[in-house]
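Single-letter residue listing:
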Amino acid sequence: MALSEPLLKMEKIGKAYFGNRVLKDVSFTLEKGQILGLVGENGAGKSTLMNILFGMSVIQETGGYEGKFFINGEEAQFKNPLDALDAGIGMVHQEFSLIPGFTAAENIVLNREPTQYNVLVESFGDRLRTLNTDEMELRGKTAIEKLNVVIDSDTLVSEMPVGHKQFTEIAREIDKEKTQLLVLDEPTAVLTESEAEILLASMRKLAAMGIAIIFISHRLHEIIDVCDKIVVLRDGQVVHETTPAQTNVMEIATHMVGRNIESAFAREETVRSFAKDILKVEHLWVDMPGETVRDVSFSVKEGEIFGIGGLAGQGKLGIANGIMGMYPSGGSVVFDGKEVVLNDPRSPLSMGIASVSEDRRGVGLLLEEPISWNIIFTTLQMQSRFLKPVFGGLFKIRDEEAIREATQKYIEALEIKCTGEHQRVQELSGGNQQKVCLAKAFALHPKLLFVSEPTRGIDVGAKRVVLDTLREYNQKRGTTIVMISSELEELRSICDQIAIVNEGRIGGTRPATCPSTEFGLLMLGEIKNGVEKVGV
Amino acid sequence: MMTKKSSFQDNLSHFFVSNAVPIIFLALSAVAIPISRFSTQYLVQEMLVRLARDSFLVLSLLIPIMAGMGLNFGMVLGAMAGEIGLILITDWNIVGIPGMVLAMIISTPLAVLLGWMCGVILNRAKGREMVTSFILGFFMNGVYQLIVLYGFGSVFPIKSPDLVLSRGFGIRNVTNLENIRKCLDNLIPLSIGGVAIPIATFLVIAAFCVFVVWFRKTKLGQDMRAVGQDMDVAEAAGIPVERTRIISIVISTVLACYGQIIFLQNIGTMNTYNSHEQAGMFAIAALLVGGASVTKATIPNVFIGVILFHLMFVVSPMAGKYLIGQAQLGEYFRVFVSYGIIAIALVLHAWRRQQDKDRARRALRGNA
Amino acid sequence: MMNNIRSFIEKAGWPRVIIALFLLGLFVMAPFVRVRVDTSISDTLVRFGMNGVMVLAMVPMIQAGCGLNFGLPLGIIAGLLGAVTSIELGVTGLPGIFTAMLIATPIAIVLGWLYGQLLNRVKGGEMMIATYVGFSSVAFMCIMWLVLPYKSPNMVWGYAGAGLRTTISVDGYWSRAISDILAFNIGDFFYCPTGMMLFFAFLCFAMWMFMKTKIGTAMTTVGSNPEYAKAAGVNVDRMRTLSVVLSTVLGAIGIIMYEQSFGFIQLYMGPFYMAFPAVAAILIGGASVNKASILNVVIGTILFQGILTMTPSVINSLIETDMSEVIRIIVSNGMILYALTRVVKVKS
Amino acid sequence: MRRSAVNVGIIIFFVIISVFLYNAGKGYNLLVDNKAITIDGQELQPYAWVNVDVSTSKKPVLLKAGGRDVVFVIGKSHQIHVEIMDEQKNVIKKIEKKFKLTRQSGDLLSIPALGSDVSQWIQKR
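Those sequence lines, one after another, are chains A, B, C and D. Per this note's numbering, the first sequence starts with residue 1, numbered consecutively. Per this note's numbering, the second sequence starts with residue 537, numbered consecutively. Per this note's numbering, the third sequence starts with residue 905, numbered consecutively. Per this note's numbering, the fourth sequence starts with residue 1253, numbered consecutively.
No wet-lab data here; the hints were simulated from the structure. Just so you know, not all the hints are guaranteed correct.
To be verified - Under the rule of at most 30 Å between Cα atoms (straight-line distance), these lysine-lysine pairs were calculated in the DSSO-like manner:
#1 D:Lys-1346 <-> B:Lys-718
#2 D:Lys-1346 <-> D:Lys-1311
#3 C:Lys-915 <-> B:Lys-893
#4 B:Lys-662 <-> C:Lys-1195
Claimed, not checked - Residues of chain A clear of chain D, computed beta-carbon distances all greater than 12 Å:
#5 Pro-6
#6 Val-121
#7 Glu-122
#8 Ser-123
#9 Phe-124
#10 Lys-280
Quick caveat: nothing in here was measured; it's all calculated off a predicted structure. Backbone N, C-alpha and C fix where the C-beta goes; we use that ideal spot for every residue, glycine too.
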C-alpha cells in the first residue's frame, strides 16, 4: 500500500435516524501524525460521525450509514467498537470508561495485561495465566510518560482528580501498540486551564510520534493552537475546512452557528415590548448532574417568550429543573411577587408554573400508561380536577368521563397521532410524545411555562408544529414561556430575548434579533461579560 | 469550607457505618461471655472446631463478591451437590479419607452443572442477583427433595437399608456419616493442653486461602474484579462479562460443595433435608459479621466472622439460661441474631450506596 | 387460531398457562382416582378465603414500586399480637375477631411506618432486605412470645405457666366466626364459607376503589415512574411509606382471617415463610414485580390454593406418596424465580 | 486442542483415582466363626479356643468352640493370624494367611476350615 495514502479518508459519509437526517456527505482526509480539529454546535453531527468511525452498534441498529471511509487506503467496515480497536482507532469519551477501584496502571492495561504461564493453564486455558504486575506497572508508567504528565501509576482512579482520569484514559489508548488514530471528544471540557495546556502539549508530542488525532472541542482557541487542520460541521455537513493559519476564532464561530436566515424557521420581525417582570431569579445554583448551575440571575417579563441557550453541559437545563424542584438548588426565585420555595415541586406548580422536561422518557412521561393518564395526572394531583365524589361525597375517585373528554380535546388540538386516548405513550413517535408532554403542561393552565429542548430528537415537521403551538399559546393566552434549547436558530425564531448560559453562569442576554455570531461567541465564552445583569 | 466540614463528618460516619457490624458483635459477645460462665478452654476448643468446620464454606463466598454478584445465596446448590455425594459413599459404605475424597470427586461435576445453571439465571437478573439466588436456593431445595426423597431408592438404586425410608424409597431425614466422621480432623492428631487441634483441616483451609490470593492475581481474577466494579467498562474493554460472572458462580458452587463435605465430616450426621439451608444462612451471616460488605470481602473477614459469629452462637443459649432462666430464649436469640445481622448488613450496604450517590452529586458543583 | 393461542400464551406467560392446565388436569383426574370434586372445590374455596387477604396485601407495595413484599411477616406479627390479645381478653365470636383486628391495626400501622422509612432508605435493594427484616422480626417475636405477660391458661404452656404455646386453638373464641356468616352446605361434602368470601370481596372492592382515588392514582404513578410523579408534585417517599403501611395492615387482617378459618394461631416460627405463598400466588395471577391488579390477586389465589388443595388428594391417590410439599416448593419458588428473571431493568 | 487432551487426561486420572478409592475405602463386615462345619462330606470340629486377628480390624477376637463374631475391615486384601488353643488357652498352633475379598468370595471365615486348611474356608453366609 502506497505511503501516499492518507491514514483516514472519509468519503461522502451520510446518516439518517428514522428519516431524520443528521449527516450529509461528509468528506475529509487525515494524514499520519496530523491533528484535526472537529468543531460544530451540539447536534451538528460530530458524535454521530465518530460513532460511525468507531462502529458503534447504534449505527447498525438504525440502518447503517451511507458513503465509506478508508484506513490506510483500505475500506473499513466495523461491526463493533472492538473491530475499530483492532484497526488501531482509539477513542476517549466524555464520560470516563475507567474501573474506579483499579490503579492507573491496571486501567491502562485493562484486558491487555501482560501474563505469565502457569501449569493450570494447560487445563483451564489462558485466562488462568498469572498477571505480571511488574510489567503492568512498567507499561503504565511508560504510557503516562509519553504524555509527559506526572501521575503515580498506582493511585486508584477513584482518588484521582478528574484531569488525571482524562490522561489515564488517553494513556490507555497510547499503550495499545496498534493505535494510530486517536479521537478525543471534548477532553478539555473537564480540565483546568493549566491541565488543558499540558494536554495540548502531550497531543503535539503524540502527533510527533506519528499518531493522528481527531480533536473535538468547543474551546476554539485550543483548536487553533494545536490543530493542523480544522473541519467545521453544521447540520451534518462540512461547511468549512481550513487551517489555523488562514482563520481565527471569529470566523470559525460564524461558520459554526451562522445559518443562512431563510433556512429552518423564519420569524415575523415584530419586536414586542412588555411591561412588568413576572419571574426574577437571583444567584440560583442547582446540583444537576452534567448540567450544574453555579450562579445564575435573570428576569423574565410577563407575556414574553424568553430563550435560554448554550452548549450542552453548561447548565442551561439545570435552571428549569432547579426551579421546578427536581434537583437540590439554592438562591432566590420570585414569581409574580411571591417567593418560590425551592426543592419542593409543589410550590412552583401551585403558583402556576409548569414545565416540559427535556428528559421526555425519563421524567416527562409514564411510558406504560395511557395517553389520558399522562395528560391529566399532574392536574389531578395539583388541582384535584377530574375527580368525582362517590357514596354521597364520602370520597372522590377518578372521573374517567371527564378525563376522556379533556384528553380528546388535547389530542385534537395538538394533532396527536394515536389510536385513542387509551394508547400507551411508549407506542407513540417522538413528536407525538412531545405533544403529550405539552398537553400535560397546558392542562395545568400555567401562568408561566418552562419548555426544555422541545424539539430534541423529533423530526422537522413535528418541530414546526411544536414551535408554532408554543408561539400560538403564548399569543392567545399571553402565557409567559421560558424556552431552553441548544438549537440557537430555534430560539431566535420564536423568542423575544435570549440568555446564553456558559459554565453555569449567564454569559449574556441579547434580543433575539441580533446576529447569531454574537450568540455563538457568547456560547463559546469568547466574550467574557458574564457579570452583566439581564433585562436591564 | 462548609464542604470540608461535611466531608469530615461523612468520613466519621463512614468509618462507623463500614465497621458497625463487627463492633456490635464484639460488644454483644463481651457482655454475653461472662454471663454464660463457659471456661476459656471450652470456648477455645469450640472456636477451633468451628473454625475448622465452617471456614471453608464461608471462603466459598469470596469469589462471587469479587465479581460484584453480592452474597451468593446460591451456595446452597453446592451444598446439595456435596450431600448427594455423601449419601452415595455412605450407601457404598466407603470409609474414612478415601470415602470423603470420593464424595468430593463424585459431587464435583454435579456442583459445576448447578453452578453454571445458577450463573446463567443470575445473568438474567442483573442488579437483583441476591434475591434471585436466594429464591433459586429454595427452588432447588424443592428439586433436591424431589430427587432424594422420591428418586433415590426408586429410580436411582440405594441398597443400604439404614439409609432408605421404611416405605422402600427416599432417604431418611437423618443420614449417619459415622464412616467418615472427623476423618479429616483427626488425620493428624494433635492436642495442646487438652485442646484438640484439627491440623489437617486447617491445612486444607490454608491451602485454599493461598488459592484465593493467587487467584486474585490471575487474568481471570483481574477480569472478575473489573466486572465486579463496572460491567459496562469491562464489556467495552472486551472482557466477556457474562461468561466471567458465570465462572465466578461455578467456582463458588464447587467450593461450597467441598465446604459442606468438610462441614459434615466434622458433624458426623446430616439432616438430609435442611443441612444445606442452614449452611448457606450461617456462612453468609458469619461473613457479614466479620465486617465484609456485599461488595467487599477479605480473608480476614472470614476468620474474624466465623469466630465472632460462633462465639455468639455458643454463648447465647447459656447466657439466656442464666439471664432469664430459659435456654430456649437464647436459642431464639441466636436465630434472631443470625437473621438480624444479615438484615443490618444489607441495609447498611444499600444505605451507603445511596449516600455515595448523593456525595457524588454534591461534588459536581465543586467549589462555586 | 394457532396464533391466537400463541399470543395468549405470550401474554399470560407460559408458566401460568402450565399451572392453569395442571390444575385443570387435577380436577379432571379427581373423579377417576375417587377424589370427590365437590369436597375439593369446597376446600379450594376455604383456602382461597383464608389466604386471599394476604395476597391482596401485595398489591399496594407492588403498585408503588416497592417490589414484592417479602416483609409480610411484619404484618402477620401485628395480626398475631391482635389475635392473642383478644383471646387473653376472652372476647368471643365476631366481637372477638374485631377486637383482634382493632388491636392489630394500630400495631401494623406503626410497624409498617417504620418498615416504610427503612425501605425508603434502601431503594433498589428492597426485596432482599424485606425478606430478612421479615425473618429477623419473626425470630425476635419468638423471644417476645416467651416473655410477654400473657396469662390465659388456654394459651400459655401448662407446666411453665408462662410463655405462649406454639399453636393456640381459637375454638370457643372465634373459630370460623366470619366464615360461618351465611355459610351453607350442599350435601355432606360441600361447604361455602360465605362470610369469609364476602369479607374478602369487600376488601378487594375497597382496594379497587382506593386505587382510583387521587392518592391511589399517585401511588400507581410513583410505581411506574417516580421521576414523573416527583415532577407532578407527588411526595414519592410518602407514597411509598403509605403503600407499605397499607400492605402491613392488610397482612395483619389477613392472618386473622386465616386463623379464624384455620382454627389455630401459629406462633413462633409459624409466620416465617408465610410471605412466599402470598408472593407466589399474586405472581401466578399474572402480576409482575412492578404491576399488579385485583384480578391478579383473585386468579392467582384460586390457581395456587387450588393446586395446594388438589395435589395431596389426587397425586397421593395416584402414586401412593405425598408429594404435595415438594410440588408446593417447586411451583411457588419457581414462579417467583420466573418473575424475577424476566423483569426489565428498573431505571435508577 | 491440547487443552481438551489434557482435560480428558485429567478426567481419566480422576476416574482411576475414584476406582482406587472405592476399593481402598470400602468397608466389609466379616463373620468369623468357630463352629462345626461340613465341607464336601468332611466333618470339621470347632477348636476349644481361637484368637483371630485380621490385620486391618481394630482388635483381635477371642472365640470359644461354637462362637461367632464380627470384625469390620477396610479394603480388599487382608492378612489373618489365628492362634488355636486348648481348654487351658495354651497356644497349640498358629496359622497365618493372606486373603483377598472379592464379589464371589463371601464374608464368612470358618476357622475350623482354615485350621485344616480347606480351600473354601471363606464362604458366603
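Quick rundown of the hints versus the structure:
For the given pair, D:Lys-1346 sits about 37 Å from B:Lys-718 by alpha-carbon distance, which is inconsistent with the 30 Å threshold. Note on D:Lys-1346 and D:Lys-1311: the hinted pairing holds, with a Cα-Cα distance of about 17 Å set against a maximum of 30 Å. Among the hinted pairs, C:Lys-915 with B:Lys-893 is inconsistent with the structure: their alpha-carbon atoms are about 37 Å apart, more than 30 Å. Restraint check for B:Lys-662 and C:Lys-1195: the C-alpha separation of about 20 Å stays at or below 30 Å, so the hint holds.
Distance check for A:Pro-6 against chain D: the nearest CB is about 42 Å away, which clears 12 Å, and the non-interface claim stands. Listed as outside the interface, A:Val-121 is inconsistent with that label: its C-beta sits roughly 8 Å from the nearest C-beta of chain D, within the 12 Å cut-off. Not every Cβ of chain D is farther than 12 Å from the Cβ of A:Glu-122; the closest lies at roughly 5 Å, contradicting the non-interface assignment. Look at A:Ser-123: its CB is around 5 Å from the nearest CB on chain D, not clear of 12 Å, so calling it non-interface is violated.
Interface exclusion of A:Phe-124 from chain D breaks down, the closest Cβ pair being 8 Å apart, not more than 12 Å. Chain D leaves A:Lys-280 outside its interface by the beta-carbon criterion, the shortest separation being 73 Å against a cut-off of 12 Å.
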